[in-house]
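For this one, chain A is given, so just place chains B, C and D on it according to the hints.
4 protein chains.
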Amino acid sequence: CTVWTRTQSHKAAARLDLAGIYPPIATPFTAKEDVDFQKLEENLQKYAKIPFKGLVVQGSNGEYPYLTEEEQVEVVRAVRRSLPADKLLMAGSGCESTRATVRLTENLVVTPCFYKAKMGSCALIQHYTKVADSSPVPVVLYSVPANTGMEVPTDAVVQLAQHPNIVGLKDSGGDITRIGLIVHKTKMQDFQVLAGSAGFLMAAYCVGAVGGVCALANVLGGELCELERLCVSGRWEEARVLQQRLIEPNTTVTRKLGVPALKQAMEWFGFHGGACRSPMQPLTEAETQQLRQDFSSNGWL
Amino acid sequence: CTVWTRTQSHKAAARLDLAGIYPPIATPFTAKEDVDFQKLEENLQKYAKIPFKGLVVQGSNGEYPYLTEEEQVEVVRAVRRSLPADKLLMAGSGCESTRATVRLTENLVVTPCFYKAKMGSCALIQHYTKVADSSPVPVVLYSVPANTGMEVPTDAVVQLAQHPNIVGLKDSGGDITRIGLIVHKTKMQDFQVLAGSAGFLMAAYCVGAVGGVCALANVLGGELCELERLCVSGRWEEARVLQQRLIEPNTTVTRKLGVPALKQAMEWFGFHGGACRSPMQPLTEAETQQLRQDFSSNGWL
Amino acid sequence: CTVWTRTQSHKAAARLDLAGIYPPIATPFTAKEDVDFQKLEENLQKYAKIPFKGLVVQGSNGEYPYLTEEEQVEVVRAVRRSLPADKLLMAGSGCESTRATVRLTENLVVTPCFYKAKMGSCALIQHYTKVADSSPVPVVLYSVPANTGMEVPTDAVVQLAQHPNIVGLKDSGGDITRIGLIVHKTKMQDFQVLAGSAGFLMAAYCVGAVGGVCALANVLGGELCELERLCVSGRWEEARVLQQRLIEPNTTVTRKLGVPALKQAMEWFGFHGGACRSPMQPLTEAETQQLRQDFSSNGWL
Amino acid sequence: CTVWTRTQSHKAAARLDLAGIYPPIATPFTAKEDVDFQKLEENLQKYAKIPFKGLVVQGSNGEYPYLTEEEQVEVVRAVRRSLPADKLLMAGSGCESTRATVRLTENLVVTPCFYKAKMGSCALIQHYTKVADSSPVPVVLYSVPANTGMEVPTDAVVQLAQHPNIVGLKDSGGDITRIGLIVHKTKMQDFQVLAGSAGFLMAAYCVGAVGGVCALANVLGGELCELERLCVSGRWEEARVLQQRLIEPNTTVTRKLGVPALKQAMEWFGFHGGACRSPMQPLTEAETQQLRQDFSSNGWL
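Protein chains in written order, with this note's numbering: chain A, 1 to 301; chain B, 1001 to 1301; chain C, 2001 to 2301; chain D, 3001 to 3301.
Here chain A stands alone, though its shape is the one from the complex (with noise of 0.2 Å):
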C-alpha cells in the first residue's frame, strides 16, 4: 500500500518534547458507578506536585471503555481546567472506524482491533495517515495487545513515523527487542518512543525510548521520576536497584490482577481509587494480599 511522505522540515518546525513520565490516570467512581469529579479533582492536585512531564487521560487505565462519550468529554474538560500550565495533557481515542476516528480531536490513537485478523499494516498505516491528515494535535500511536489483541506491526510504525503530524509511540507490549529496533529505524524523524509499562522502563531507556507512560505513576509516582531522572543521567547502577524493586508492584496492577488492582493501591499510598464499573469486578480477598505481598515485599509498605 501506498503511504504519504511529506519533507522533514515540517515536523521539526512542529517539534513537540513528549520525554518524561506520565500517569494514565485513573477514573474515580461513586459507590453508584456514577464519575466522581470531585475525587478526580483531589488526584490531580497531588499529582501536580510530582515532576511529571504530563498526565494521560482516557488511557486502559482510566476505564474509558466503561465512560460513555459525554463522560469521557467530561472528564477530559476537568482534567484539562486543572492541568498546570507546564504539563502536556494526552488523551486517548481511537474508535473503529477512520471516519469516526478522524472526528475526534485527541491525540493517542488506539488501533482499532474488533475485526483484528483484517487490521495488517495496511490498513493501519491507511488509518493513521488519515487520522493524523486531518487532526489539529500531533497523533501519537497506541499499541497496547493485551486489550487489542494485536500490535502495529514495527514496519507500519517505521512507515508512520515519516508523517509530520505524527510524534510518537506507546508501546505498552514490552518487547525490547522491537522497541530498540523502531528507535533505530525512526532515527531520521526524530520519532518518541514511550514505554507503555513500568517493568521495562530502564531497559526501554537503554534502547532508546525518551520516557514512559505507566500504570504505577498512579501509585509511585515519585519513585518512577526518580527512576527516569537516574536514566537520563547515565546513573544506571542506581537506576537498576530502584527498577528491580518496582516490576513485581507493577506487574501485579497491570497484567496480574489489572485496574482493579491499581486502584486498590492507590488507596494505599493516598490517592482515591475505589471500585471500577461492572463488569469489572472487585479483588478478592486473597487478591488484595497479593497485592500487598508484592509491594511490601519489594520495600514499599
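Each statement offered as a hint is correct.
A few chain A residues that don't get close to chain D, going by computed Cβ distances all over 12 Å: (1) Glu42; (2) Leu44; (3) Glu71; (4) Glu74; (5) Val76; (6) Val102; (7) Glu151; (8) Asp190; (9) Phe269; (10) Arg292.
Straight-line alpha carbon distances no greater than 25 Å define the calculated DSS-like cross-link-like pairs of lysine-lysine that follow: (11) D/Lys3116 <-> B/Lys1116; (12) B/Lys1049 <-> B/Lys1087; (13) B/Lys1130 <-> B/Lys1187; (14) B/Lys1046 <-> B/Lys1087; (15) B/Lys1256 <-> A/Lys116; (16) C/Lys2118 <-> D/Lys3116.
Bear in mind the hints are in silico, worked out from the structure with no lab data behind them. Glycine included, C-beta positions come from ideal geometry on N, C-alpha and C.
Coordinates of chains B, C and D only, in the frame set by chain A:
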C-alpha cells in the same frame, strides 16, 4: 460468585423457538461510505424469499463497530420495517460496560472484551445476569472469539442458561466438543445453541444445536436452508455431501478473507455487497481470484 | 515444493481398512518407574475382549517420549505378541530428523516439531514423502497440536493423501471444520481419517471420519465401540445421548488432567494404570476428586 | 511441591563464572547430510581467535534434535578436543524423562516439553532438582519457548536458583521484565542469567544479565564481544549504536528464517555453514535476498 436462579416454569412459558438459519446481514455502503438504505432494502426483499428463520442485524458481518449509534438504530429500524411477520429479528448489541449494555434493548449480546484478562466466568455471569434481568426481550449470548479474543467459558454458559430470560447461545468458536457439552449440560433448561458459522453447521446439528447464524447465508442462503432440512430430517448422507461443498466458500468469506470477501461474493450471487468502511481494506486482485476459486472449485460458480 | 504422485490403483490394491476404535494404550510402570510388562500383558488380555479394531502403541498416552529406544522396541514386541490375529497394531513413531524417522518401520508417524516455525507444508510434505517411500508398512499421519504445538496443514494432508503408502490421518486437534474439509478434499484417494479424541468422535463420524484413536478407550472401551456402532448404523439420536455423557470424562483424562488422570481412571475400571514416569507429576487430592466427579456425574461411577 | 535447599556456602565455593559471550555453534554437514568434522574443526579454529567466554554445543542452532545420540557424543568430544584451555564449554542436553536426563552429564539442560500442559513449576522443580543433584557438573537452566512452546516459570527459576549445583539460566524468550525480575529475586544466590539472543543483549546487561548465548555470534562474534565490552564498561551510548545495528541481522537468523539463514550468513562471513538436515528446508531465493538485505542495510555486508 453467586448467580440468580428462578423456577423453570418462567422460561417454559416464554419459550422462544430459535430453530433455523439466520444470515447476519451485511451493511451496504455508498461510494462515500454512507449506509445505503436503498440497497439494504433490495437485499432484504431477496432474503424474504428464502426460508430463513429470521435475520441477524448488527453482527460482526454487519460492520457494527464501524457504525455510529444513530446509524445502528436506523439500520435496525429499516430491517424491522421490511421484515415479514413470520420472521424473527435478532439485533446484535453489547457494550463494554454493564450499565451501557443494560440501556440497550437488543437481544444478541456480545461479550465485553477490552479487558479480556479480567472477563472471567464471574464477571461475565454478573454482566449477563444484569443485562437479562432488565431486558424486555429474551437474550442470546454471543461468543465470537476470533473478534473478541475470548470465549464465554462453558461453566458460565451453563450457569447463565438457568436465567429465564437467557434463551440461547450463538457460538462462533467452532469447538464441537464444547458445543456438545453445552447442549448436554443445559438439557434441563430448554436452552438453544446456534452454530455461528456454516463450516461446522452439520456437525453442530449432529451434537444437538438447533440452527445457525452463518455469514455464508448472505450468499448461499437457500443452500444453507437445504442443509438444515437434510439435518433435521435425518438425511445425513445427503447432508454430508452438501456440507462438504460449503466449507471452503465459508472459510474464505469468514476466517480467511473476511467481510470484504463476503460482500464481493454477494455481488456475484445477485445481492448488494459493495465496499467496506475504512480501515477495512478492499480485496486485492489475488484475493478476489482466490475467493472465486473457492466458490467455483466447489461447483457454486 | 513438488511432491510425488502415482496412479490411484496402487493404493486401492494395498487397501488397509482402518475403520474402528483404537485405544492408545498406556504403559504401566513399577514403583521404581520401570516398565511393568506383567501388568501390560494383563491389560492386553482385557482389551482383547472388547471389539476394538486394533491398538495403538507408543502414542502420547503411552508416554513414549519417556521410554528409551530399547524400551519402545520391547513394548511394541510385547503388544504384538499378545495381539489377537484379527486386530490391527499401529505403532507410533516419529523423530525430528527425516533420516532417523526413515530408519524406523512403524506406521503412525508424528510430526517433527522442535523447529516448529520452520515446519511448514513444504518441509512436512518432503519429510512424510521420504518416510512413506521407504516404509515397508502403510503410514498414518499423526497431528497432535496439544503436544507438538503445530498441525499438519490441511493442504499438506491433501497432497500427502495422494501417496500410495500414506493411508490416513489421526487428527487430535478437534477442529471439525478441518476434518470435514480433509474428508472432502481426499475423497478420490481412499484416505481415512481417525478422530484423535473421544470428545468429537460422533461429530467426526458425522462429517466422514471412519474411526477413532481415543485415550478414553483405555477406560470405557466397550462404550466407545458402542458409540461407533450407533454412528455407523445411523442411530444418531441414541449416539448423541451416549456421546454427550462421554465428553466430560474424556476432557478430564486428556486436556484437563492428562495421562496421570487416565491411569488413575483405568484403576477404577479394572485395568492397571499406576504412576507416570518423572517429571510427570501424580494427581493431587483435589484433582483426583475432580476426576471422580467428571465420571460419576455422567453416570459412569 | 517441596524443594531441596542447602546453605549458600556450597555454591560460593563452587562458583563458576559464566560472564561473557558464547556462540551456540552450528553443525556443518556434508552433501550427504553427514556431520562434517573437518569443517567443524576449521570453524572452531576461527572461533578460538575471538574473545568468547566459551562455546555452546548441542543448542538449538546445532540442530541437536537431528543428531543421533552417537553423533551428539562425537560432536561434543570434537569440540572439547580443540577448545582452548581458557574457554568454557557448555553442552546442551535435556530429555523428556527425568531418568534419561539424569544419565547425561552435560550442563545446559533444556526443559522437557512434550507434555507441555503438565510441565508446571512443580514438575520442573522436581525434574531439575533431581538432575542437578546427580550431575557432576554445574547445571544451567535453558528456557527456549520458541522451540519448546513453554517457559520455565519465573517462580520455578527463583526456587531452583537456591540449588548449589544450578548456577544460571539461559533465557531465550526475551521478556526483559522477566529477566530483570529473575536477577532481582535471585540476587542472594549468585545466580547468573545469560541472554539467549543478540536482539536484547544490551537491555539484558542493563537489567543485570552477565552475558549472552547468541546465534549471531557464529557470524558476528567479534562485534558481539565488542558490545559486551561496551556494556560492562558503562559506555552505553556507544553500545546502543552497535546494538541497534545488530537487531535485524539477529532477527533474520533466528525468529524470521532460522538455522538455514544462520548457516548461509556464516558462509558470507568466512565460516562453514552449509545445508541443514532434512526436514529443515534450504532458503528460497527470496529468503536469501532478504537475509542479505538485513545484513547489508545495517552496514555488515
